[in-house]
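Peer 1: For reference, the chains in residue letters:
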Amino acid sequence: MAPWFMLALVGRDQAGIVARITQALYQGGANLGEASMLRLGGNFAMMLMVSHASDARAVEQLVARDAQELGLTVHVDAITGQLHRHIQPNMSVSVYGADRSGIVARVTGALAKVGFHILNLESDVGGNDQQPLYIMHIEGHCASSVEQLQATLEPITRDGIQIHFETIEPMVG
Amino acid sequence: MAVLPVLVFPDERLKQPAQPVGHFDHALRDFITDLEQTMRAGPGGVGIAAPQVGCQQRIVIVDVSSKPKLVHHGCLILINPEITYRDGSVMGREGCMSVPDFTGNVMRAQNIKLCALDARGAKLELACTGYEARAIQHELDHLDGLLFLDRLVSRRTDLFPRKKYQ
Ligand SMILES: [Zn+2]
Numbered sequence: 138m139a140p141w142f143m144l145a146l147v148g149r150d151q152a153g154i155v156a157r158i159t160q161a162l163y164q165g166g167a168n169l170g171e172a173s174m175l176r177l178g179g180n181f182a183m184m185l186m187v188s189h190a191s192d193a194r195a196v197e198q199l200v201a202r203d204a205q206e207l208g209l210t211v212h213v214d215a216i217t218g219q220l221h222r223h224i225q226p227n228m229s230v231s232v233y234g235a236d237r238s239g240i241v242a243r244v245t246g247a248l249a250k251v252g253f254h255i256l257n258l259e260s261d262v263g264g265n266d267q268q269p270l271y272i273m274h275i276e277g278h279c280a281s282s283v284e285q286l287q288a289t290l291e292p293i294t295r296d297g298i299q300i301h302f303e304t305i306e307p308m309v310g
Numbered sequence: 270m271a272v273l274p275v276l277v278f279p280d281e282r283l284k285q286p287a288q289p290v291g292h293f294d295h296a297l298r299d300f301i302t303d304l305e306q307t308m309r310a311g312p313g314g315v316g317i318a319a320p321q322v323g324c325q326q327r328i329v330i331v332d333v334s335s336k337p338k339l340v341h342h343g344c345l346i347l348i349n350p351e352i353t354y355r356d357g358s359v360m361g362r363e364g365c366m367s368v369p370d371f372t373g374n375v376m377r378a379q380n381i382k383l384c385a386l387d388a389r390g391a392k393l394e395l396a397c398t399g400y401e402a403r404a405i406q407h408e409l410d411h412l413d414g415l416l417f418l419d420r421l422v423s424r425r426t427d428l429f430p431r432k433k434y435q
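So the protein lines, in turn, are chains A and B.
Per my numbering: the first sequence = residues 138 to 310.
Per my numbering: the second sequence = residues 270 to 435.
Do not rely on the hints blindly, as some may be mistaken.
Stated by the list, open to error - In the DSSO-like style, the derived pairs of lysine-lysine whose C-alpha atoms are separated by at most 30 Å in a straight line are:
#: 1; chain 1: B; residue 1: K392; chain 2: B; residue 2: K284
#: 2; chain 1: B; residue 1: K338; chain 2: B; residue 2: K382
#: 3; chain 1: B; residue 1: K382; chain 2: B; residue 2: K392
#: 4; chain 1: A; residue 1: K250; chain 2: B; residue 2: K338
#: 5; chain 1: B; residue 1: K336; chain 2: A; residue 2: K250
#: 6; chain 1: B; residue 1: K392; chain 2: B; residue 2: K336
In short, the hints are calculated from the structure, not lab data.
Starting from the given sequences, assemble the full structure and let the hints guide the process.
Peer 2: Structural data, given as structure tokens:
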């Protein structure tokens, strides 16, 4: 089986980026696995698992011309990862409050201490320039209960940061 | 009694609508026994629909009683079920025995009322909520050739887990 690579591309957002990059990969004989692509602050960031019967340098070459024309920086690493290695999240955490420095570090630091494994983190800044509102959503896996997590994060909530935990119980049917 | 093989997408039978049950006989009850065994054999399975084992009939089983702290009706055998009322809308995580190794977020009605027939053809009327209502809506979708993949909601669109009220 062809080895897997992690391909990361970042640059100014414009229409058609995904189509051009994935077309170049397809024409070069690469297969896509899991991917995450999103617009962050006017930039577009793509992370793709790519399998190709070659090496990292050859994968980079597949997209080099399009990336250059689109103004995207490219980074490729050989990875040992595989498909079907999902860890099911069992806990979701919503955090919001007045934007202030250190909010992510404090919350994730407290979570790390109790062994919370972050599987997905998304954050955004709402409000306006005068009163920015920081919003973060985390999904992860943790052996602790909601009550234990609430107790751990309690000192942070005293500073006016709202933190809400909810268990994720997938309904399988 | 037997555990039946579960069809996995892209088997096209999962995308076909099922037909109403007309005969409430021994063969039906034997099939329901097998269907229930199949549901219980799946890891964490709380529901199953006949099309998942290749039977295009409007039969589902839902039993969420193994999950703690839930409002539920025990093991429900629902034949020719129809949802007659829906209220509220909540997002929750779903997986499916016919779609292995993937879970996703889906919006479902918070409260439903439904009518159905039991294994002997007697009429049932039920009001369900929350997790049990979600399981029933997921299984009834199977009867119409729909998978939860047809209703996926992006994780990113929901920075807040929110409830919508109609
Ligand atoms: Zn299903």
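Peer 1: So, for every hint listed, does it hold in this structure?
Peer 2: Here is how each hint holds up against the structure:
no.: 1; hint: K392/B <-> K284/B; result: 28 Å, holds
no.: 2; hint: K338/B <-> K382/B; result: 21 Å, holds
no.: 3; hint: K382/B <-> K392/B; result: 14 Å, holds
no.: 4; hint: K250/A <-> K338/B; result: 29 Å, holds
no.: 5; hint: K336/B <-> K250/A; result: 29 Å, holds
no.: 6; hint: K392/B <-> K336/B; result: 27 Å, holds
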